[in-house]
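For reference, the chains in residue letters:
There are 2 protein chains.
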Amino acid sequence: MHRASLILSFAAGVLCAAALADSLTCASPDGKNTLAFTLGENGEPVYSFVYRGKTVVEPSTLGFDVKVLAKDAFDGRRPASLRDGFAIAGVERASADETWRPVWGEESEIRDRHEEMLVKLVQRGTGWRMDLRFRVFDDGAGFRYEFPKTDSKDVARLVPGENIVQDDAPPLAHFTIVEERTRFNLPCDAMAWWIPADYETQEYRYTNSRTSEIAKLFRGAPDANLSSQLTDVPAVQTALMLKYDNGLLVNIHEAACVDYATMHLKVDGMAFESLLTPDASGAKGWMHTPCRSPWRTLIAGEKGADILASRITLNLNEPCAIEDTSWIHPVKYIGVWWTMITGAKNWAYMPDPSMHAANTTNVVRHIDFAAEHGFDEVLVEGWDTGFEDWFGKEKDAVFDFVTPYPDFDLEGLNKYAHEKGVKLMMYHETSASTRNYERHLDEAYALMNRLGYDTVKAGYVGNMLPHGDHHYSQWSNNHYLYCVKEAAKRKIMVNQHEAVRPTGLCRTWPNLIGNEAARGTEYESFGGNNADHTTILPFTRLVGGPMDYTPGIFETDLSKVCAWKKQRTSTTLAGQLALYVTMYSPLQMAADLPENYEKRLDAFEFIKDVPCDWEESRYLVAEIGDALAVARKAKGRDEWYLGFKTDENARDAAIPLGFLAPGRSYEAKIYADAPDAAYRTETADRYVIERRIVTAGDILKLHAAPGGGVACSFKPD
Amino acid sequence: MHRASLILSFAAGVLCAAALADSLTCASPDGKNTLAFTLGENGEPVYSFVYRGKTVVEPSTLGFDVKVLAKDAFDGRRPASLRDGFAIAGVERASADETWRPVWGEESEIRDRHEEMLVKLVQRGTGWRMDLRFRVFDDGAGFRYEFPKTDSKDVARLVPGENIVQDDAPPLAHFTIVEERTRFNLPCDAMAWWIPADYETQEYRYTNSRTSEIAKLFRGAPDANLSSQLTDVPAVQTALMLKYDNGLLVNIHEAACVDYATMHLKVDGMAFESLLTPDASGAKGWMHTPCRSPWRTLIAGEKGADILASRITLNLNEPCAIEDTSWIHPVKYIGVWWTMITGAKNWAYMPDPSMHAANTTNVVRHIDFAAEHGFDEVLVEGWDTGFEDWFGKEKDAVFDFVTPYPDFDLEGLNKYAHEKGVKLMMYHETSASTRNYERHLDEAYALMNRLGYDTVKAGYVGNMLPHGDHHYSQWSNNHYLYCVKEAAKRKIMVNQHEAVRPTGLCRTWPNLIGNEAARGTEYESFGGNNADHTTILPFTRLVGGPMDYTPGIFETDLSKVCAWKKQRTSTTLAGQLALYVTMYSPLQMAADLPENYEKRLDAFEFIKDVPCDWEESRYLVAEIGDALAVARKAKGRDEWYLGFKTDENARDAAIPLGFLAPGRSYEAKIYADAPDAAYRTETADRYVIERRIVTAGDILKLHAAPGGGVACSFKPD
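As you go down the protein sequences, you meet chains A and B in turn.
The opening position of the first sequence corresponds to residue 36 in my numbering, with each subsequent residue numbered one higher.
The opening position of the second sequence corresponds to residue 36 in my numbering, with each subsequent residue numbered one higher.
It cannot be assumed that every hint is accurate.
Unchecked claim - Below, simulated DSSO-like cross-link-like pairs (lysine-lysine); rule was C-alpha separation at most 30 Å, straight line:
1) K188/B <-> K428/A
2) K524/B <-> K526/A
3) K251/A <-> K338/A
4) K524/A <-> K526/B
5) K595/A <-> K634/A
6) K102/A <-> K428/B
7) K736/B <-> K750/B
8) K455/B <-> K526/B
9) K428/A <-> K526/B
Hints are computed from structural coordinates only; laboratory data are not their basis.
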């Protein structure tokens, strides 16, 4: 351990200038990164982080504004600060280096190597304990607040020789969070890839701007969404991707958000500060010691691949809590879905049954198609009663999750599917009424068990119920995890849409195989995505966990699916194929209609072929907002897959195939944009397929059209 | 039917002066009461009610302020008025005269005889339907709002020859209630027995004042309570008891409050107006047509007995929804309860196990006592983990309702009790976290089924969770009824404390055998009740349904139970006995400690003797705030019981025994205050017991001490 000398700048919300020679520091295992902690002049907790000589976060204050329950409950809660007046009561250090095997993932083994420093703090006067646990990795750092359960005698012992506890202070046992005040003082006016902070939706297009410009761009950024509530002050969502003027890449997010509100980042000049999601009462957290915050993560890298390769989010989550994980598996699926998303058919049986997509005949056709092409499951949305009157209505008790529409043969279709070796995937539209869903959860899951469904897609469309609550509050976050835990008891895998953005909880609960929590493929129909959208998501949304992005749109002219939908996709067909590799998920949909695949079975071959669980992943091109190339090795066999995706610009890439096993030749099958292909044009669906024998020594030259991409498979020759 | 001529006064909130010659009227079956309805000059719905020539309610407006969901959900909700602009689109009339048998009650048969008038209203311009259904009884009236599901074509047909629907109005399909605007314009400045309107508690002492004085007394009225939120404006709770200058008695309450917020009454001079309980979002109701309000009830009478004898609240509820009610039965019980209420022992096992009341030894003693004296059940509070850290803390997940403290032998005690012919009564302290309770409900009820508990007392102490919600909101009210319905599925009877005040739902769900919902006997320890409290409750709180008042305190000096509790009860011992008759409940507790009964087994005999289910009830003295005498015939046998209860004043009564079967002699056993007895003194527990042979022709002279009473049993000689 060594001590760092830090320079503090004087500004609003920033510490007074002083060389904090007495900082506590914690270096990364490789010794190249340093987290420093100190107390300011007024006892403010301050941290800073330096990555390989480059400042990630300048000295920044930590703490909370809270309301603490008085000793006598009849006296209510008193506003208090957990921002200053602290003394250091002890420091504990630990090292870890262990390798664990995820149930599914981008690789089969993950190494968790870090140094830890726990700084025990006691506030003078109140005697309140607030500890800070830091973990420093070779690729970043994480820290969280911990509030141990203590009594005043324990605390007095921690700081001997000082009367640290005043008699009239209640213990810090039960408190509400008015606001978390975690600062991220950046060393420059960083470029940011951001979406606006919103308590109800994450389905935004990204803006790329200087941090200092966010405030003025904030209100102009929103996309139309039924359920949207921008924060009062300019702020952004995490995971936030930043690029500093010196080229350093930094990602700010959180890990293991459990029983806590989701964090947004308030913009303050070129700094950020935590902004938690309130519940209906306006409180941002109800805390009862012992308790702790999620980890606040700082992933840093010299190049984009460093960010994508980081496993800090997963490593800061608890190990798997499910003993027998044998029933958890990757899922490739098709669905009765795109036909409604495009507007061609309806979710509801009423008023026009002929427009109802989830009818037995149509589902049989999907089952047949899935069976023929080797898909695991068929998602069927709109199968149960309730869709006829719920969207945007904020109704409490819409769905019972067990009653099918009259044209959906629930029992027969499951039987038929299983006979064909396919499962149906359950769909639960909760109508965002968490209470109604929880009331029916046991019966709904029991039905799934009885009929042999093993995966549920659960939606949270619309404003949350209880009314006044928000999608990412402590209350709501508790609900999402409750459903995942209850599902685990019944060996059910969960894919949550419109729920909170993930924070790596899939390590602990690997039955959480999917989350939406960002603007997905559905927006190709709902107003469009930006062409660079999928070159940004892996650096932002996917830092928390996989996304059920639902790629695979082959009919790039949506008017051919729904006549009045005059819209074209923001990618080419080959670009869609590339997403199966670049957008990692153990759950992958082929989102288009069977007939659109049947017209292009040669290209469809890639979707059938590509695995969704991996032994190893290589990030070959990783330019946020521009281009991505990722190569991955199939779990348990010597096959590699490559995805190359570009933004709105055509792009060439020369990919060295060094990842292939040396001395072995592979057949590369290359699915590329046709020379004249371009997104949002009538050429978007043009592609060429080429086979070639390659070896590890080769360099593969690829060309992606505007909005396009390339997908390749490599199999031993 | 006849038409009434009404005089309207001109004042704020009151209609302009006009003789509304074209009123629609509905007379009671006996022709003596008249409900009139008309539309004001601006199409305002107006009703009035006259009882036997005396005005109960002067012409008063009806309606709502609402926000209506626009046609396109993205356009949000628009503020709108359902208060004027209406046209009458039709009137439907019906008569009813039927007698039904309650599962339990103050009598074995209840007659529901009324005339009904349904006035169909359409609002000009919007085409919105709001119907008013009136029912007129010989002892009062009720009305409710109904919002049928309609489309614009249906509506247009209702008012032919007029273009009543404008194209741009959304349908009245989904709306929130900003406020219900039901007026009760009284004809005079009535005397009122009231408690202040509060969104969290009903546990107040009553104030008796002129209506016009409520506003200035409102803020001074509250009693200390952990969870209390007075309404912003002066208002009172229902059931509200009023006495007009002409002697008319009027009770305003509601019946069948289902999926709707509880109504308070805002004071406006000498008038009242509905004030609903908001949810955490501030909304007072989330409505989806077809839907309706609870009934607003007006019970009227020339004398107090008319109010007590009215069954309007029950009659306006739906018939029993439980097919097999054989498992529902009255329950007389003792409990491990008073020892904690007085402060002598604790609910929690920690920190001092020797102070934990619900220990196996103590419960065995209670079981033995219950078995010896013929009680059905033994309530045990504080048996499960969680009590050690919850009170006033607003914690979300405190109790699991299945894990006993280490000194409570859950299985063994149930086995022991059943062997002795006694059941344990379950206690679920929900900690007011409705979500946590619902999550555990199935498991908690299953445990009860497995071990043979058939009754649960469920408590809702503290501020409601979800945070920001209120005890009497639509959201909370939905929860209470949900628990009752789920319990019915498992043949479990429910007794809810700190839950919403009842509105006769026990007719539909007779497994709801108890509610607290007012200041009960526990306040004899928590700061005292007024001596007249139980002479008021039957006219107010009990109009909605029975109360688990938990009488039976024999040791009137609480310092003998808990040394530091220097408090005496507000009744004498004999007064406590009288409550078993005057305070009707199918669930009756003997609330004191076994040892306090063992010292006075002769007086205890009455508690053992008195039934809690009745064939017939007679209200012999019914002076609100002064005195009550009630005689009741045991169900299925020729035994009568009499309770006479006075306020702070000593009082004599001469009770004609004409209720006894003629020509038969009975042994009357009279439990009376000793001559020197008086409440809140050391003589409060002095009583005399006398046996006498009586017949129907006798007049029984009774004397009650200050705060005292008399209890009698009459059995065939």
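Tested hints:
1. This hinted pair checks out: K188/B and K428/A have alpha carbons roughly 22 Å apart, not beyond 30 Å.
2. The straight-line distance between the Cα atoms of K524/B and K526/A is roughly 27 Å, inside the 30 Å bound, and the hint therefore holds.
3. The straight-line distance between the Cα atoms of K251/A and K338/A is roughly 29 Å, inside the 30 Å bound, and the hint therefore holds.
4. As the CA atoms of K524/A and K526/B are separated by approximately 27 Å, the hinted pair is consistent with the 30 Å bound.
5. A hinted pair counts as satisfied when its Cα atoms are at most 30 Å apart, and K595/A with K634/A qualifies at roughly 13 Å.
6. With a CA separation close to 12 Å, the supplied pair K102/A and K428/B stays within the 30 Å bound.
7. Of the supplied pair hints, the one linking K736/B and K750/B holds, its CA atoms being roughly 18 Å apart against a limit of 30 Å.
8. Distance check on the hinted pair: K455/B and K526/B sit about 22 Å apart at the alpha-carbon level, within 30 Å; holds.
9. The suggested pairing of K428/A with K526/B is violated, with an alpha-carbon distance near 35 Å, which exceeds 30 Å.
Checked against the numbered hints above, the structure violates only hint 9.
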